[in-house]
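Chemist: Listed below, chain by chain, are the residues.
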Amino acid sequence: MPLKEEATSLDEAALIAHAASGSHDALAALFALHGPHVHRIAYRLTMSADDADDVVQDVFIGLPEALNAFSRTGDFSAWLRRVAVRTTLMRMRASRRRTATAIRAVGEKDTVMSNFMLDRMAIATALVALPDDLRIAFMLRDIEGYSHAEIAAMLGIRTGTAEVRVHRARRKLRALLGER
Amino acid sequence: MNTSEEELRVRALRDAIETLETPPLRDDSLSRISARRARGERIALVVADAAVAGRAGGRGVVAVLVAAVAALVIAAIVMRRGAGAPATSISDGVALAAVDSACANAPTTMRDSSALRHLMISAFGVPAACGAEPGQDAPIAFDASQIRPGTFSYSSLSITDGVFTSRHGSSAITVSRMTWKGVPALLAVRDGPLITGVHLDSLVVSADGPTALYWASTYYTQHPRGVIHAEFDSTSIRIARTGRIDTAATIPFRMKSGQLPFGFALPLAIPALPLTPGWHGTVEIAPPIDPRAYKYFLRPWETMRLRVVGRETVRVAAGVFDCWKVQIGDPDGEATMWVSTSNHLVIRSIAVGRNGDTSFEDRHELESAIFDSH
Chain A
6 MPLKEEATSL
16 DEAALIAHAA
26 SGSHDALAAL
36 FALHGPHVHR
46 IAYRLTMSAD
56 DADDVVQDVF
66 IGLPEALNAF
76 SRTGDFSAWL
86 RRVAVRTTLM
96 RMRASRRRTA
106 TAIRAVGEKD
116 TVMSNFMLDR
126 MAIATALVAL
136 PDDLRIAFML
146 RDIEGYSHAE
156 IAAMLGIRTG
166 TAEVRVHRAR
176 RKLRALLGER
Chain B
3 MNTSEEELRV
13 RALRDAIETL
23 ETPPLRDDSL
33 SRISARRARG
43 ERIALVVADA
53 AVAGRAGGRG
63 VVAVLVAAVA
73 ALVIAAIVMR
83 RGAGAPATSI
93 SDGVALAAVD
103 SACANAPTTM
113 RDSSALRHLM
123 ISAFGVPAAC
133 GAEPGQDAPI
143 AFDASQIRPG
153 TFSYSSLSIT
163 DGVFTSRHGS
173 SAITVSRMTW
183 KGVPALLAVR
193 DGPLITGVHL
203 DSLVVSADGP
213 TALYWASTYY
223 TQHPRGVIHA
233 EFDSTSIRIA
243 RTGRIDTAAT
253 IPFRMKSGQL
263 PFGFALPLAI
273 PALPLTPGWH
283 GTVEIAPPID
293 PRAYKYFLRP
303 WETMRLRVVG
313 RETVRVAAGV
323 FDCWKVQIGD
333 PDGEATMWVS
343 TSNHLVIRSI
353 AVGRNGDTSF
363 EDRHELESAI
373 FDSH
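First to last, the sequence lines map onto chains A and B. Count along the first sequence from 1, then add 5; that gives the number in the numbering used here. Count along the second sequence from 1, then add 2; that gives the number in the numbering used here.
Note that these hints are calculated values from the structure, not bench results. Note that beta-carbon positions come from the ideal geometry of N, C-alpha and C, so glycine has one too. Just to be clear, a hint being listed does not mean it is correct.
To spell it out: a stretch of chain A is covered by chain B in this simulated footprint if at least three of its residues, at any positions, have a beta carbon under 8 Å from a beta carbon of chain B; those stretches are [as the list claims (entries may be wrong)]:
(1) 43-51
(2) 54-65
(3) 127-138
(4) 151-162
For each label pair, taking beta carbons as the anchor points, the in silico distance ranges come out as [unchecked claim]:
(5) His29(A) with Gly245(B): 21 to 31 Å
(6) Arg240(B) with Thr164(A): 48 to 58 Å
(7) Arg163(A) with Arg16(B): 20 to 30 Å
(8) Gly280(B) with Arg77(A): 37 to 47 Å
All chains should be built: construct the whole structure from the sequences, respecting the hints.
Modeler: Here you go:
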């Protein structure tokens with residue numbers, strides 16, 4: 006391991022230990038390091054800025070106590086990412102979020118846009134229009150890079166079901182995007 | 003499509019998605035986290051993968067009920083009664099107007115004696131106002147006299163997938179009698195540990211029927227502190243919001259008598275139900291509040307089917323109570339409430355259900371009850 010990277014890991018290990026013991030400063034430092042990643046994952050899964058903000062709040066409010074379950078020798082970033090995914094899934098399942106709100110939010114943006122912006126809007130709209138279970142599977146597989154087995158474990162489904170969901174999500178996305 | 007084509011398409015899509023902007027993390031995120039932790043708020047995160055479900059998919063849960071029970075437990079607010087309320091008047095006939103509205107909207111088929119029973123229960127007295135003749139199945143009128151003012155504390159426990167347990171702090175509901183702009187009214191104020199940071203805190207309803215008159219909510223996790231208050235009349239709701247967003251609007255909405263947010267149905271509606279062996283009916287409740295609170299009253303109302311299925315003795319922290327066992331169910335899940343036969347309080351509620359691959363169980367129990375002496 007390069008020296009700088011090792012030093013960072015050591016620093017992070019200390020931060021984790023201090024955060025677990027209730028240090029506000031350590032929690033703030035972990036937030037600075039990982040908050041944006043948690044937020045991005047939550048946003049990609051929910052396609053809702055409000056929900057992503059809620060997830061960030063949940064994760065970091067619960068983090069100090071949850072750190073007791075973290076193996077100090079493991080990859081904290083990967084561990085936290087999975088916690089963020091699970092927290093997002095829990096929130097989505099519990100709140101039965103209505104996609105119509107998000108779709109409307111996308112549609113209410115500026116009316117003057119470049120083709121590039123329109124393409125991105127089309128993609129965003131298509132992602133919002135995907136059923137939650139398909140979007141989650143797609144995002145976890147194709148964007149976050151989890152394996153089908155990992156997705157299956159996180160969602161509590163069989164690996165084959167995860168594969169089917171990813172496949173259906175890709176097919177539906179293509180349809181929504183007019184095979185672009 | 004062959005594999006390489008598929009890979010190319012996926013890669014193109016992934017690249018396009020990677021260009022999508024993620025909204026920036028809010029500047030006050032960390033300060034809100036710190037403030038909430040400083041107030042003692044804790045959230046049990048799921049740190050292990052869920053067990054593989056026995057079946058894929060599955061029916062939805064009584065999501066609104068489960069979430070609402072949780073929302074009730076996590077509500078935290080102190081009422082600022084009347085603070086900044088619009089200087090508009092409430093019609094003295096607001097309750098009657100709401101009843102008229104409900105009658106006008108009632109399908110003709112619901113005016114017969116059997117279906118009427120459901121309608122009547124759902125609206126707490128609407129059929130009587132609609133001119134229904136009392137008979138064998140006499141209309142069940144909302145009986146506000148059964149609501150005893152006092153302060154009631156509840157504890158709550160949530161279990162996900164039978165494994166992950168979150169124990170919430172106590173929440174309290176205080177009910178008192180008051181006069182709201184000349185109308186005899188009931189006020190319910192809720193207080194408790196803050197988790198969502200956004201929730202209802204107080205509701206005023208007319209005492210002769212649970213018709214909403216005024217709603218106030220404070221959002222302590224927002225900076226500057228957010229406040230929403232709303233006044234209701236027979237045709238519209240006037241909502242004003244201050245804090246991070248300053249705005250006001252009038253939303254056309256015909257409030258019906260008996261339409262209450264679930265958390266407020268517990269102290270303001272359930273105790274007034276004339277529960278007897280075999281009693282059954284439906285109540286309408288609002289979905290739980292969420293950060294898009296402004297759209298709250300435009301969202302669909304949910305119907306809970308209630309049925310008295312027995313009488314049991316229940317032991318909770320607040321004591322031992324003789325209770326009506328009331329089943330709440332729909333095709334997506336079910337819950338059970340135990341309602342005291344003497345003081346009409348909800349003593350315990352257990353909501354179970356499934357949403358996708360996740361199972362939920364929420365338990366809610368009376369910790370203490372302090373009744374006002376007068």
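Chemist: Can you name, in rising order, the numbers of the hints this structure does not satisfy?
Modeler: 8
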